[in-house]
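Undergrad: Let chain P serve as the given structure and place chain L with the ligands on it in line with the hints.
First to last, the sequence lines map onto chains P and L. Just so you know, the first sequence maps onto residues 188 to 453 in our numbering. Just so you know, the second sequence maps onto residues 138 to 483 in our numbering.
Some clues are possibly wrong.
To be verified - Pairs of lysine-lysine, DSSO-like flavour, derived with a Cα cap of 27 Å:
hint, chain 1, residue 1, chain 2, residue 2
1, L, Lys466, P, Lys447
2, L, Lys419, P, Lys447
3, P, Lys446, L, Lys440
4, L, Lys419, P, Lys426
5, P, Lys408, L, Lys148
6, L, Lys298, P, Lys291
7, P, Lys389, P, Lys291
8, L, Lys249, L, Lys237
9, L, Lys440, P, Lys426
10, P, Lys342, L, Lys220
11, L, Lys237, L, Lys166
12, P, Lys239, P, Lys342
13, L, Lys378, P, Lys446
14, L, Lys440, P, Lys447
15, L, Lys385, P, Lys426
16, L, Lys378, L, Lys480
17, L, Lys249, P, Lys235
18, P, Lys396, P, Lys291
19, P, Lys209, L, Lys298
20, L, Lys477, P, Lys447
21, P, Lys291, L, Lys141
22, P, Lys446, L, Lys466
23, P, Lys408, L, Lys141
24, P, Lys447, L, Lys480
Simulated from the structure, these hints should not be mistaken for laboratory data.
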Amino acid sequence: MKFVVLTKAAVPLSTAIRIDPKTGTLVREGVPLSTNQWDRDAVEFALKLRDKYGGEVIAISMAPPSGIPALESLIGMGVDRAILATDRVFAGADTWATSFVLAKTIEKYVPDYTLILAGEETIDSTTAHVGAQVASHLNIPYVYYVYDAEIQGNKVRVRRFLEDEGVDEFYEMDLPALVSVAKGTQMPREISLSRKLNAREKIMQVTNKELELDAECVGLKGSPTFVAAQTGATFPPRKRRIFQGDPREAVRALVEELKKEGLLQP
Amino acid sequence: MTCKLWPQINKEEYKGVWVYLEHDGARLKDVALELLGKARDLAAKRGNAQVGGVLVAGSDEMAQEAIYHGADKVVVVVNPELKVYTPYEYANAVAKVVAKYRPEIFLIGATKRGRELAAFIANTLTTGITADCTALEIDPKTGDLMQIRPTFGGTQMATIKTPHRRPQMASVRPGVFPKPPRDVNRKGEIVHEAVELNARRTTFLGAEKRIEHDIADLPPVESSDVVVAGGRGLGSAEGFKWLVELAKLLNGTVAASLMAVRAGWAPHTRQVGQTGKTIRPKLYIAVGISGAVQHMMGIQESKHIIAINSDPNAPIVQNSDYAIVGDYKQIIPLLIEEIKRAKAPQ
Ligand SMILES: Cc1cc2nc3c(=O)[nH]c(=O)nc-3n(C[C@H](O)[C@H](O)[C@H](O)COP(=O)(O)OP(=O)(O)OC[C@H]3O[C@@H](n4cnc5c(N)ncnc54)[C@H](O)[C@@H]3O)c2cc1C
Ligand SMILES: Nc1ncnc2c1ncn2[C@@H]1O[C@H](COP(=O)(O)O)[C@@H](O)[C@H]1O
Chain P
188 MKFVVLTKAA VPLSTAIRID PKTGTLVREG VPLSTNQWDR DAVEFALKLR DKYGGEVIAI
248 SMAPPSGIPA LESLIGMGVD RAILATDRVF AGADTWATSF VLAKTIEKYV PDYTLILAGE
308 ETIDSTTAHV GAQVASHLNI PYVYYVYDAE IQGNKVRVRR FLEDEGVDEF YEMDLPALVS
368 VAKGTQMPRE ISLSRKLNAR EKIMQVTNKE LELDAECVGL KGSPTFVAAQ TGATFPPRKR
428 RIFQGDPREA VRALVEELKK EGLLQP
Chain L
138 MTCKLWPQIN KEEYKGVWVY LEHDGARLKD VALELLGKAR DLAAKRGNAQ VGGVLVAGSD
198 EMAQEAIYHG ADKVVVVVNP ELKVYTPYEY ANAVAKVVAK YRPEIFLIGA TKRGRELAAF
258 IANTLTTGIT ADCTALEIDP KTGDLMQIRP TFGGTQMATI KTPHRRPQMA SVRPGVFPKP
318 PRDVNRKGEI VHEAVELNAR RTTFLGAEKR IEHDIADLPP VESSDVVVAG GRGLGSAEGF
378 KWLVELAKLL NGTVAASLMA VRAGWAPHTR QVGQTGKTIR PKLYIAVGIS GAVQHMMGIQ
438 ESKHIIAINS DPNAPIVQNS DYAIVGDYKQ IIPLLIEEIK RAKAPQ
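Just chain P, with the same shape it has in the complex (with noise of 0.2 Å):
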């Protein structure tokens, strides 16, 4: 059996991020990218279904090559393999591009492959659409926020939890299908440097020379959408009053600013 993951090298939120003046989209070149945090649960989940069902897992990735470490320490987790799709034409991709990628490296390099895992979002886009997208180009059912599966012949059984309604659903899909993993569900292990060692060898980069995909349907001139502005976001200025000292004359200074505000209505 085979298991893809999808990871994204992402920026760290941690990171001063540069926006290119002239796209509106992040800069991602020379900026140190670590796996998408909530990938690491779908990667978890790959592994666990390889150590029952047998077969392996390939994770596939699209990034610049600032993104091979994040897949080396995907492949110290014990990933048997990874994918990069690098080429500079896929820069500034939307997510319909940067699905379209995805989905055509799967066809090429994994067409065999027997279900697709991704993590419930990404922490720099928190779009959740990737996923789905990339179902929709290999036009194979999906399920979300999936937490247990069970691969019964050429069907699989997936559990999955809808916090917005507090409710556990059942479905069987027929596969090839992918999921996305619900986002904490899991418990990542620990990456083994021993496994780590010779990581560098089991990561294939592709280009797009060898995906030979239509330059007008990749990186930004694929992307229907695209960013026509970027600001920083501004929020509102606070009133900072602040009441130190004896509490029951703050207690009472803040209640009379609260009925002045209109904020204690009866």
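TA: Chain L with the ligands alone, transformed into the frame defined by chain P:
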């Protein structure tokens, strides 16, 4: 030049602002009504274009409610194969309806199910989509939809457009736009469509309501005007009892920081912040919360922020409207007492 995989379209043929009408089997979800209200605004700016709705496996009563809240036309998909929700089949069915009626704009509520469907529908229609918009406007120059959303953990606001493809699609989280008034005199048309389904690939096997251990029988954090939140500074689950009392007094609810959730004092559904909920209450009271940037991202749009913290140097103290420096065990009971007094009829 555009990607040859995208069929040529004539943008002039796409008219109206349509909404996916999610329901729970009994009634339309609030977010669907909120989007109908927004759709009316946008349609007004597009030469009084039509407002439409797509309802899968819903009733004519639900369609009528959509009309009362702003729809001119509602397409009800009546295929018995679609009686129960499955993502792949629903996404395909909705895409077929949208492809037939060709709205210029198509909006989806970003509930968990809505997020699951939205991007697949967009791809099937070979168009783009923007997730979790917090504002939607019409560009006065081009007439294009401006899809405004926070990105990069809320530190940036991006305006995104879909200039060459139609429909222009966006998802919007519940509670972002106000619910429009219900007008029983509004008239509209209800159309039944038996959408043809491709071979079924997903089977629904069952569902179970999860009994989540919650701290109190209080409304969800995203739908309250007053939110009292607790953090690691509470020191124990016991501390939340006081917050519950304060919240009830203010007709509000309780929320928690990530640290309080990790400690097991509150369920994840009550977490606010970057990896929890984004809320916009009138009043947010942070008790024993330091105000880390990831926490602030979820509450920055609160009208008023109050901090109760023993550390005058905690970031929240500098980023609030009113802060009381002190031990919450001393402050909260006094606050409850004083608010009761203030609210008592004179
Ligand atoms: C990727 C990422 C995502 C994150 N997402 C979130 C998120 O969604 N939500 C979130 O909240 N955090 C999030 N965090 C964590 C965040 O960085 C902070 O660690 C967290 O918010 C701290 O929680 P806290 O304020 O409860 O605890 P602390 O930072 O420990 O603060 C406790 C506060 O209580 C005060 N205190 C102590 N005793 C008392 C007392 N007796 N009376 C009054 N005050 C007292 C202290 O002065 C202190 O300010 C995220 C972090 C990362 C890296
Ligand atoms: N560039 C990428 N390469 C590989 N997988 C990705 C990429 N971007 C997104 N994904 C996958 O799609 C999921 C959802 O991402 P997003 O739509 O950005 O929130 C992620 O958790 C990944 O599993």
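Undergrad: Does each hint hold? Answer for all of them.
TA: For each hint, the structure was consulted:
{"no.": "1", "hint": "L:Lys466 x P:Lys447", "in the structure": "26 Å, holds"}
{"no.": "2", "hint": "L:Lys419 x P:Lys447", "in the structure": "14 Å, holds"}
{"no.": "3", "hint": "P:Lys446 x L:Lys440", "in the structure": "15 Å, holds"}
{"no.": "4", "hint": "L:Lys419 x P:Lys426", "in the structure": "15 Å, holds"}
{"no.": "5", "hint": "P:Lys408 x L:Lys148", "in the structure": "19 Å, holds"}
{"no.": "6", "hint": "L:Lys298 x P:Lys291", "in the structure": "26 Å, holds"}
{"no.": "7", "hint": "P:Lys389 x P:Lys291", "in the structure": "20 Å, holds"}
{"no.": "8", "hint": "L:Lys249 x L:Lys237", "in the structure": "26 Å, holds"}
{"no.": "9", "hint": "L:Lys440 x P:Lys426", "in the structure": "11 Å, holds"}
{"no.": "10", "hint": "P:Lys342 x L:Lys220", "in the structure": "22 Å, holds"}
{"no.": "11", "hint": "L:Lys237 x L:Lys166", "in the structure": "24 Å, holds"}
{"no.": "12", "hint": "P:Lys239 x P:Lys342", "in the structure": "16 Å, holds"}
{"no.": "13", "hint": "L:Lys378 x P:Lys446", "in the structure": "25 Å, holds"}
{"no.": "14", "hint": "L:Lys440 x P:Lys447", "in the structure": "14 Å, holds"}
{"no.": "15", "hint": "L:Lys385 x P:Lys426", "in the structure": "26 Å, holds"}
{"no.": "16", "hint": "L:Lys378 x L:Lys480", "in the structure": "21 Å, holds"}
{"no.": "17", "hint": "L:Lys249 x P:Lys235", "in the structure": "25 Å, holds"}
{"no.": "18", "hint": "P:Lys396 x P:Lys291", "in the structure": "13 Å, holds"}
{"no.": "19", "hint": "P:Lys209 x L:Lys298", "in the structure": "15 Å, holds"}
{"no.": "20", "hint": "L:Lys477 x P:Lys447", "in the structure": "16 Å, holds"}
{"no.": "21", "hint": "P:Lys291 x L:Lys141", "in the structure": "15 Å, holds"}
{"no.": "22", "hint": "P:Lys446 x L:Lys466", "in the structure": "23 Å, holds"}
{"no.": "23", "hint": "P:Lys408 x L:Lys141", "in the structure": "12 Å, holds"}
{"no.": "24", "hint": "P:Lys447 x L:Lys480", "in the structure": "13 Å, holds"}
In this structure, none of the earlier numbered hints is contradicted; all agree with it.
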